[in-house]
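A.B. asks: Next come the chains, spelled out residue by residue.
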Amino acid sequence: MTVQDTTIPRPLPRFRGVDHKTLILIPPGIMLLIFFLCPFLIMGAVSFYYRVPDGFYEPDFVLTNYAAFFDPVFLTALGRSLTLCAVISVVCVSLAMPFTYLVSQMRRGIQVPIVILLLCILTLSEVILGFSWTILLSRTAGASNVLVWLGILDRPISYYPSRVAIMIAMLHFCFPFAVLTIYPPISRFDRSLPEAAATLGAGPIRAFFTVVIPALRGTIISALVLVFVFALGAYLFPQMLGRPADWTLSVLITDQAIYKSNIPFAAAMSVFLCIICFALILGVGKLTKKTEG
Amino acid sequence: MQNRFGKLYVLGIALLLMLPFIVVAGVSFNEKKRLYFPPRGFTLDWYKDVLSNSEWLGPIGTSLTVAAIATFVAVCIALPISFMMWRHGVLFAKALFGLGLVPFMLPPVTSALGFLIFWSEIGGYGSFWATTISHSVFLVTIPLMMISLGLETIDEAYLDAASSLGASEAEIFRTVILPLILPFVFGASAFCFVLSMNEYIIAFMVAGFTVETLPIKVVNSLRYGYSPAMAAVSVFVVLAAAGLFLTVARFGDLLRMVGALDKPD
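If you read the sequences in order, they're chains A and B.
Mapping to the numbering used here: the first sequence position 54 is 64, numbers consecutive.
Mapping to the numbering used here: the second sequence position 178 is 740, numbers consecutive.
Hints were generated in silico from the structure; no laboratory data involved.
Here a beta-carbon is modelled for each residue, glycine too, at the ideal position from N, C-alpha and C.
Treat the hints with care, since some could be wrong.
[Unchecked claim] Across the chosen pairs, the derived CB separations fall in these ranges: (1) B:N782 <-> A:I167: 20 to 30 Å; (2) B:E683 <-> A:D64: 35 to 45 Å; (3) A:V72 <-> B:K610: 17 to 27 Å; (4) A:G295 <-> B:F690: 31 to 41 Å; (5) B:P600 <-> A:K299: 31 to 41 Å.
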């Protein structure tokens with residue numbers, strides 16, 4: 011070994027073509043391509059299949075599954091889903107912006123428990139949360155008992171099934187997602203901006219609305235879209251807390267697939283939902299890149 | 563906005579977020595098989611009931627097994643992809659990374675239906691492995707994102723130093739990179755595990771009538787009426803999740819794991 015060998019670092023093998031090291035990508039590649047990409051491709055194909063009336067389907071190329079979109083049941087469910095998720099998204103992000111901004115300024119000792127609380131709600135899925143809300147909105151154990159105790163109500167009542175119940179549960183479920191989406195950009199946000207505003211005489215609330223919010227425009231737009239898509243996935247809340255008339259697209263898909271055994275129609279709706287979500291997310295990605303770059 | 567009003571706002575929202583858990587915990591102490599809040603009487607029998615009854619222990623065991631295997635597989639898929647993308651900029655790794663992010667960009671129902679059709683085509687519908695493998699590829703987004711975040715925190719000077727001291731690629735990975743990203747791998751595993759434990763729609767669509775996971779069991783028993791035992795199960799699940807995340811926060815920087823910038827206090 012010469013002196014040169016030890017003093018000059020060997021160049022790192024970066025940006026090289028295929029070599030033996032990339033072989034470790036084969037197992038994960040196979041897993042993702044077979045068990046994730048394939049299901050979506052097959053689903054796409056099945057959406058054009060012919061549905062045999064007894065509940066199965068056979069390979070074909072028909073457009074009847076997509077033509078069924080013009081069915082009023084589907085159209086009203088679509089309109090309902092989009093409106094519901096838009097409202098949820100706007101309310102969640104509006105509440106989450108000041109919340110996240112305030113939390114990100116707090117001590118670590120407070121931030122960590124709050125993040126843990128948010129993660130708990132986010133990972134609990136709709137099963138436990140839906141169950142909790144059915145109790146909280148029920149007659150025997152619910153919030154109305156407090157109102158009776160306060161003398162506002164004469165007797166306890168049940169607040170579900172109703173559309174308001176679905177919205178409350180979805181807000182609770184989507185709020186942590188909204189906070190965790192905007193938390194990284196807000197924690198990187200340049201604090202000298204609101205400080206400058208304060209030196210110039212703006213109160214903290216005014217500084218928040220006139221300096222912080224406009225500076226984080228891109229973050230807010232992408233959060234709105236991500237929360238919207240996240241809310242579109244809600245599936246159990248409309249069933250547990252609502253009536254069939256309140257069902258969203260996600261519920262309709264499972265209903266067609268499992269209980270009506272119409273897999274091709276479910277697949278067509280699913281493909282449609284995927285396209286909406288992809289278009290929204292890719293569109294907003296382009297938009298925020300443009301405004302930031 | 564860091565004034566009394568601001569603190570009140572944060573506290574108020576935090577309390578509202580906790581409200582359902584408080585009520586569920588309260589309901590689980592009811593003496594009779596009815597759900598009252600505030601609870602009437604106090605008993606821990608429902609907890610004993612859950613822990614001694616195979617009706618509940620079976621699904622809990624199934625869910626724990628599915629979650630453990632799915633988490634392990636998801637991390638094994640994500641680690642090489644994130645590493646090859648970060649260290650060598652391999653194009654195929656970038657493509658796989660992009661593919662791995664897709665599950666979280668789409669409503670879970672669409673993935674679930676994809677899995678349902680896929681498993682019934684290849685003949686695994688209703689099997690334990692259909693649930694487990696579907697979970698592992700569905701949840702792969704979490705370790706992909708979190709391990710990548712961890713890799714980005716590594717100072718390249720360490721790698722240059724190790725390399726100039728004669729360490730091979732494998733040695734650098736084992737002695738420098740792995741210890742530095744371990745908290746992130748652990749955090750991602752905890753996150754994946756809890757998500758899989760609670761996942762309903764995929765488990766239901768792929769093997770809902772044969773492989774009874776805990777969420778499926780809860781939904782099924784909701785149909786036959788409520789009992790405080792279900793509230794007790796929920797308390798267990800919430801405590802398990804909170805405990806896991808607390809452990810993660812003890813051994814690593816939780817705020818950094820969710821993407822926040824590290825700031826000195």
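A.B. asks: Please go over all the hints and tell whether each is borne out by the structure.
C.D. replies: Results of checking the hints against the structure:
1. Between N782 of chain B and I167 of chain A the beta carbons are some 28 Å apart, a value that agrees with the proposed interval 20 to 30 Å.
2. The supplied range of 35 to 45 Å is broken by E683 of chain B and D64 of chain A, whose beta-carbon atoms lie about 18 Å from each other.
3. Remark: the range hint 17 to 27 Å for V72 of chain A to K610 of chain B is contradicted by a beta-carbon distance near 57 Å.
4. Roughly 37 Å separates the CB atoms of G295 of chain A and F690 of chain B, a value that falls within the hinted 31 to 41 Å.
5. Here the CB-CB span from P600 of chain B to K299 of chain A is close to 53 Å, at odds with the stated 31 to 41 Å.
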